[in-house]
Amino acid sequence: MTSHVDLARNQILSPAGMGDDDLQQTLDQVMTHAVDNADLYFQASRHESWMLEDSIVKEGRHGIEQGVGVRAMSGEKTGFAYSDEIIVPALTKAATAARAIARSGQQGSVQAWKRSAGHDLYQPVDPLTTLSDEEKVQLLHAADAAARAIDPRVKQVIVSLAGVYDTVLIAASNGTLAADVRPLVRFNVQVIVEHKGRREQGTSGGGGRVGYEFFTEEDRIKGYAREAVHQALVNLEAIDAPAGTMTVVLGPGWPGVLLHEAIGHGLEGDFNRKGSSAFAGRIGERVATPGCTVVDDGTMAGRRGSLNVDDEGTPTESTVLIENGILKGYMQDTLNARLMGVASTGNGRRESYAHLPMPRMTNTYMLAGQHDPQEIIASVDKGLYAVNFGGGQVDITSGKFVFSASEAYLIENGKVTQPVRGATLIGNGPDVLTRVSMVGNDLELDSGVGTCGKEGQSVPVGVGQPTLRIDELTVGGTHG
Amino acid sequence: MADNQTAVALVDYTSDSDALSALVTDALAEAKAQGASTAEAGIHVESGLEVTVRMGEVETVEHTSDKSLGVTVYFGQRKGSATTSDFSAAAIKDTVRAACSIARYTAEDEYAGLADADMMARDIPDLDLNHHWNISADAAIELATECETAARDCDKRIVNSEGATVSSHQALRVYANSHGFIGGYPSTYHSASCAVIGQEGEGMQRDYWYDAVRDSIDLNNVKAIGKMAAERTLRRLNGRRLPTGNAPVIFAADIASTLAGHLIAAIRGGSLYRKASFLLDYLDKQIFPEHINIHEEPHLKKAMGSAPFDSEGVANGHHVLVENGILQSYVLDSYSARKLGMKTTGNAGGVHNLIIDHGDDSFDDLVKQMNKGLIVTELMGQGVNIVTGDYSRGASGFWVENGEIQYPVEEITIAGNLRDLFMHIDAVGNDVDLRGNTRTGSILIEDIMIGGE
Numbered sequence: 001m002t003s004h005v006d007l008a009r010n011q012i013l014s015p016a017g018m019g020d021d022d023l024q025q026t027l028d029q030v031m032t033h034a035v036d037n038a039d040l041y042f043q044a045s046r047h048e049s050w051m052l053e054d055s056i057v058k059e060g061r062h063g064i065e066q067g068v069g070v071r072a073m074s075g076e077k078t079g080f081a082y083s084d085e086i087i088v089p090a091l092t093k094a095a096t097a098a099r100a101i102a103r104s105g106q107q108g109s110v111q112a113w114k115r116s117a118g119h120d121l122y123q124p125v126d127p128l129t130t131l132s133d134e135e136k137v138q139l140l141h142a143a144d145a146a147a148r149a150i151d152p153r154v155k156q157v158i159v160s161l162a163g164v165y166d167t168v169l170i171a172a173s174n175g176t177l178a179a180d181v182r183p184l185v186r187f188n189v190q191v192i193v194e195h196k197g198r199r200e201q202g203t204s205g206g207g208g209r210v211g212y213e214f215f216t217e218e219d220r221i222k223g224y225a226r227e228a229v230h231q232a233l234v235n236l237e238a239i240d241a242p243a244g245t246m247t248v249v250l251g252p253g254w255p256g257v258l259l260h261e262a263i264g265h266g267l268e269g270d271f272n273r274k275g276s277s278a279f280a281g282r283i284g285e286r287v288a289t290p291g292c293t294v295v296d297d298g299t300m301a302g303r304r305g306s307l308n309v310d311d312e313g314t315p316t317e318s319t320v321l322i323e324n325g326i327l328k329g330y331m332q333d334t335l336n337a338r339l340m341g342v343a344s345t346g347n348g349r350r351e352s353y354a355h356l357p358m359p360r361m362t363n364t365y366m367l368a369g370q371h372d373p374q375e376i377i378a379s380v381d382k383g384l385y386a387v388n389f390g391g392g393q394v395d396i397t398s399g400k401f402v403f404s405a406s407e408a409y410l411i412e413n414g415k416v417t418q419p420v421r422g423a424t425l426i427g428n429g430p431d432v433l434t435r436v437s438m439v440g441n442d443l444e445l446d447s448g449v450g451t452c453g454k455e456g457q458s459v460p461v462g463v464g465q466p467t468l469r470i471d472e473l474t475v476g477g478t479h480g
Numbered sequence: 001m002a003d004n005q006t007a008v009a010l011v012d013y014t015s016d017s018d019a020l021s022a023l024v025t026d027a028l029a030e031a032k033a034q035g036a037s038t039a040e041a042g043i044h045v046e047s048g049l050e051v052t053v054r055m056g057e058v059e060t061v062e063h064t065s066d067k068s069l070g071v072t073v074y075f076g077q078r079k080g081s082a083t084t085s086d087f088s089a090a091a092i093k094d095t096v097r098a099a100c101s102i103a104r105y106t107a108e109d110e111y112a113g114l115a116d117a118d119m120m121a122r123d124i125p126d127l128d129l130n131h132h133w134n135i136s137a138d139a140a141i142e143l144a145t146e147c148e149t150a151a152r153d154c155d156k157r158i159v160n161s162e163g164a165t166v167s168s169h170q171a172l173r174v175y176a177n178s179h180g181f182i183g184g185y186p187s188t189y190h191s192a193s194c195a196v197i198g199q200e201g202e203g204m205q206r207d208y209w210y211d212a213v214r215d216s217i218d219l220n221n222v223k224a225i226g227k228m229a230a231e232r233t234l235r236r237l238n239g240r241r242l243p244t245g246n247a248p249v250i251f252a253a254d255i256a257s258t259l260a261g262h263l264i265a266a267i268r269g270g271s272l273y274r275k276a277s278f279l280l281d282y283l284d285k286q287i288f289p290e291h292i293n294i295h296e297e298p299h300l301k302k303a304m305g306s307a308p309f310d311s312e313g314v315a316n317g318h319h320v321l322v323e324n325g326i327l328q329s330y331v332l333d334s335y336s337a338r339k340l341g342m343k344t345t346g347n348a349g350g351v352h353n354l355i356i357d358h359g360d361d362s363f364d365d366l367v368k369q370m371n372k373g374l375i376v377t378e379l380m381g382q383g384v385n386i387v388t389g390d391y392s393r394g395a396s397g398f399w400v401e402n403g404e405i406q407y408p409v410e411e412i413t414i415a416g417n418l419r420d421l422f423m424h425i426d427a428v429g430n431d432v433d434l435r436g437n438t439r440t441g442s443i444l445i446e447d448i449m450i451g452g453e
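Heads up: the protein sequence lines correspond to chains U and A, in order. Under the working numbering, the residues of the first sequence are numbered 1 to 480, in order. Under the working numbering, the residues of the second sequence are numbered 1 to 453, in order.
Isolated chain U, as found in the complex (with noise of 0.2 Å):
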């Protein structure tokens, strides 16, 4: 099989008439500063997406772009630049304006090339070509075919369809040389019903690292079809969301955007550096109950959160952020974990050659307990149920995080009575752990939908959790 690092070879450096030797000499000249590391991150991408709407396929665009973002690192200072040509003026013009981080005159040097070895995550294929644009047209009219065929009440389908087709190179002055080919796709389905007057919409969908032949395969495109209509319909007799501190049961698979808002991003190496999260200097500290470990794993085949190697050159990890209830490490890109005396855990993600990295997740999730599902909500004499949340927000500095349900029932004498509307919940990161009083045998992933916001910059993510039981978190429903 051709090399991750010759297929990027040829893709982005190839028609620029540039090789290795042109990556060397631009390390070169950003090494005549007082500079500790620096890199070169090329990309090529290509991405399209497909819109149905009225029962009709109205929209698709097609977009190409490319560039490379020069890195220079300095103690605690980065110097970044870059371009959207790829040749070698531009990226010479790049280089001179990255390393003025750092005084000149000292001459560092650039390591020779080491091959990072990535994982095998995905084929690396071109998404966009797995299928013919009239099968993707087909896939539309399947999902809005679907969906009205389950239920008069539905009166409008939204579906979408993208693909991303991502070549990433990065070259650094440490050796590092390492390349990936990173398909990504995704299908969405948003329904709007309407009864007695009454509206209430629902969504679903799902993806990953693989082809659009994904969407052909196990009836999923009818699987997102049902669950979008389900929610919407179930929201047409929702009433209204108690308010206040409750027990609250989370279902299993995408709810586990609890763990990636409450624990995840004050467990980024950038915020406990700084000293700015509510979990600085915590590690060996008890923040969950004893049923609770979760880990961040970027190395899970084919998952939306998955990468071969982050986009640092480093091949991902599974990394241990909790385990048994105690804290244990902080997810780190090279920038924190040298200034930590620590390795880079592979975290280290931007959302383009037009980004600095950052410590990010991947596919973040608990693992599971002991307890039968049924078993949790028939523990709870009174509180809330929620299996469907729409997203989340955390401040890392006070703890203080949000998370939206949007499907959601009131338990009451240990049984799933009626759905309620869309509520907030928000709790304490450090502590809300602590109140997980049962950990269900359900672990689930999400589908593949979503996307992590830091920073101003966007990266696909994965999250999961069994079935938890919460003893206490606040609803923000309009209840008294």
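Keep in mind that a hint or two might mislead.
Claimed, not checked - In silico lysine-lysine, DSS-like type, Cα no more than 27 Å apart, as pairs:
no.: 1; chain 1: U; residue 1: K136; chain 2: A; residue 2: K339
no.: 2; chain 1: U; residue 1: K136; chain 2: A; residue 2: K93
no.: 3; chain 1: U; residue 1: K155; chain 2: A; residue 2: K275
no.: 4; chain 1: A; residue 1: K285; chain 2: A; residue 2: K275
no.: 5; chain 1: U; residue 1: K196; chain 2: A; residue 2: K275
no.: 6; chain 1: A; residue 1: K93; chain 2: A; residue 2: K32
no.: 7; chain 1: A; residue 1: K275; chain 2: U; residue 2: K58
no.: 8; chain 1: A; residue 1: K343; chain 2: A; residue 2: K285
no.: 9; chain 1: A; residue 1: K285; chain 2: U; residue 2: K196
no.: 10; chain 1: U; residue 1: K155; chain 2: A; residue 2: K285
no.: 11; chain 1: U; residue 1: K274; chain 2: U; residue 2: K77
no.: 12; chain 1: U; residue 1: K454; chain 2: A; residue 2: K227
no.: 13; chain 1: A; residue 1: K156; chain 2: A; residue 2: K227
no.: 14; chain 1: U; residue 1: K77; chain 2: A; residue 2: K227
no.: 15; chain 1: U; residue 1: K222; chain 2: A; residue 2: K275
no.: 16; chain 1: U; residue 1: K274; chain 2: A; residue 2: K223
no.: 17; chain 1: A; residue 1: K339; chain 2: A; residue 2: K285
no.: 18; chain 1: A; residue 1: K339; chain 2: A; residue 2: K275
no.: 19; chain 1: A; residue 1: K156; chain 2: U; residue 2: K77
no.: 20; chain 1: A; residue 1: K223; chain 2: A; residue 2: K156
no.: 21; chain 1: A; residue 1: K223; chain 2: U; residue 2: K77
no.: 22; chain 1: U; residue 1: K196; chain 2: A; residue 2: K339
no.: 23; chain 1: U; residue 1: K136; chain 2: U; residue 2: K58
Hint data in this document are derived by calculation from the structure and do not stem from the laboratory.
Dock chain A against chain U, hints included.
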């Protein structure tokens, strides 16, 4: 130290509108040559400098330079679009080809197409948006250092910092379509911001402040920005929770704009023709109390949200959305307007300088008027359902009794339905925030549900 270089692109397109006009004209000609009946093309180029200083040391110096060209082709009523960051003749040809290829698979849509020719902007006013700031990286670093130092020196409880950032960006947009419309305008955007961390006892809090302007001479004193960031952080220390229950609420001016955002999301053409809005069929109906007037002023000189025409080339101008509390107009582009049997309101690409008129009350007057209730200064999460108007978000701020702030509050939710919240606005303060696309003062609302202990 850093040198004076502020842009990295080999060709700085941001000062070359002739070159960009030629590129969009070429793209339209290529679309015609490839058989498109009509087409439109737009270019956006931007370059800038951004420096961050943290704990008195330079943290990052970034040189940004971005460009993209987008083209949309129509074959009769079938549509296809493509974008590229490569401006070579070959890349533009390929991009047009990709758009044309997509249009073979999209469906006939009777509402698709360019905005009508008679709607195109005829005069393109100079809105005074372009004020190049000739600032070196070193000078920007100096300003950021002053800003952060003012914050850190403010009080010993300011123990840590996320840094101060100074940035300067310049951009040029050009749009053309096959009606013969071509228009472009340069703009600049400069900002200074600071975020610091305070600690007292166990708890840490972070807050920030910023200013953003078109012309650097209008930028607030960076020391004042730093001091404000510190004061905002300090006042949050030792926050408490609140008991669950109802209370009046003031949305502070800088977050009151989010309420205007929810209004726009609900009266946008796309939400209306999809019947995905809690304000469906509310045109000419009362949606706010009589004292509320909301309008859009896209041609304000030097304003952050200004634009001389919309993103379809349609003429825009003074646009009344709400008068005496009654919804007067939707926010439409040509496609959604046709779907609704109406005319575009010049809002392709959104609204520009949305203004909520205010009375004579200051922020302190609003607090006195509320007497007992919640001031919200920060909102968290996305708990807003535009289809139903259901609203539930995380919040922090201050508790007020006897018309005076008593203590900071955190880890609470506020919830209600936007239709009710809109109808129960008691007052809009004169403390208008001018830094963004929405200009509103603080907003006092009669009642909201607080979720807490």
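Tested hints:
1. Between U/K136 and A/K339 the alpha-carbon distance is near 26 Å, which keeps this suggested pair within the 27 Å criterion.
2. Under the criterion of a C-alpha separation no larger than 27 Å, the hint pairing U/K136 with A/K93 is consistent with the structure, at around 24 Å.
3. Annotation: proposed proximity of U/K155 to A/K275 holds, straight-line Cα distance about 9 Å (limit 27 Å).
4. Using a Cα cut-off of 27 Å, the hinted pair A/K285 and A/K275 holds, with the two alpha carbons roughly 17 Å apart.
5. A hinted pair counts as satisfied when its Cα atoms are at most 27 Å apart, and U/K196 with A/K275 qualifies at roughly 14 Å.
6. With a CA separation close to 11 Å, the supplied pair A/K93 and A/K32 stays within the 27 Å bound.
7. Between A/K275 and U/K58 the alpha-carbon distance is near 18 Å, which keeps this suggested pair within the 27 Å criterion.
8. Distance restraint check for A/K343 and A/K285: the Cα-Cα separation of roughly 19 Å lies within the 27 Å cut-off, and the hinted pair is therefore satisfied.
9. Pair hint A/K285 plus U/K196 holds up; C-alpha atoms about 21 Å apart against a cutoff of 27 Å.
10. Pair hint U/K155 plus A/K285 holds up; C-alpha atoms about 25 Å apart against a cutoff of 27 Å.
11. Proximity of U/K274 to U/K77 is assessed by CA-CA distance (about 13 Å); at most 27 Å being required, the pair is judged to hold.
12. Taking the CA atoms of U/K454 and A/K227, the gap is near 25 Å; set against the 27 Å cutoff, the hint holds.
13. For the given pair, A/K156 sits about 13 Å from A/K227 by alpha-carbon distance, which is consistent with the 27 Å threshold.
14. This hinted pair checks out: U/K77 and A/K227 have alpha carbons roughly 25 Å apart, not beyond 27 Å.
15. Restraint check: the Cα-Cα separation between U/K222 and A/K275 comes to about 24 Å, which is no more than 27 Å; the hinted pair holds.
16. Of the pairs offered as hints, the one joining U/K274 and A/K223 holds, with about 23 Å between alpha carbons and a cut-off of 27 Å not exceeded.
17. With a C-alpha separation of about 21 Å, the suggested pairing of A/K339 with A/K285 holds against the 27 Å cut-off.
18. The straight-line distance between the Cα atoms of A/K339 and A/K275 is roughly 12 Å, inside the 27 Å bound, and the hint therefore holds.
19. For a cut-off of 27 Å, the pair hint linking A/K156 to U/K77 stands: about 26 Å separates their Cα positions.
20. With a C-alpha separation of about 17 Å, the suggested pairing of A/K223 with A/K156 holds against the 27 Å cut-off.
21. For a cut-off of 27 Å, the pair hint linking A/K223 to U/K77 stands: about 23 Å separates their Cα positions.
22. Simply put, U/K196 and A/K339 have alpha-carbon atoms about 23 Å apart, close enough for the 27 Å limit, and the pair holds.
23. At roughly 13 Å between alpha-carbon atoms, U/K136 and U/K58 fall within 27 Å of each other, so this suggested pair holds.
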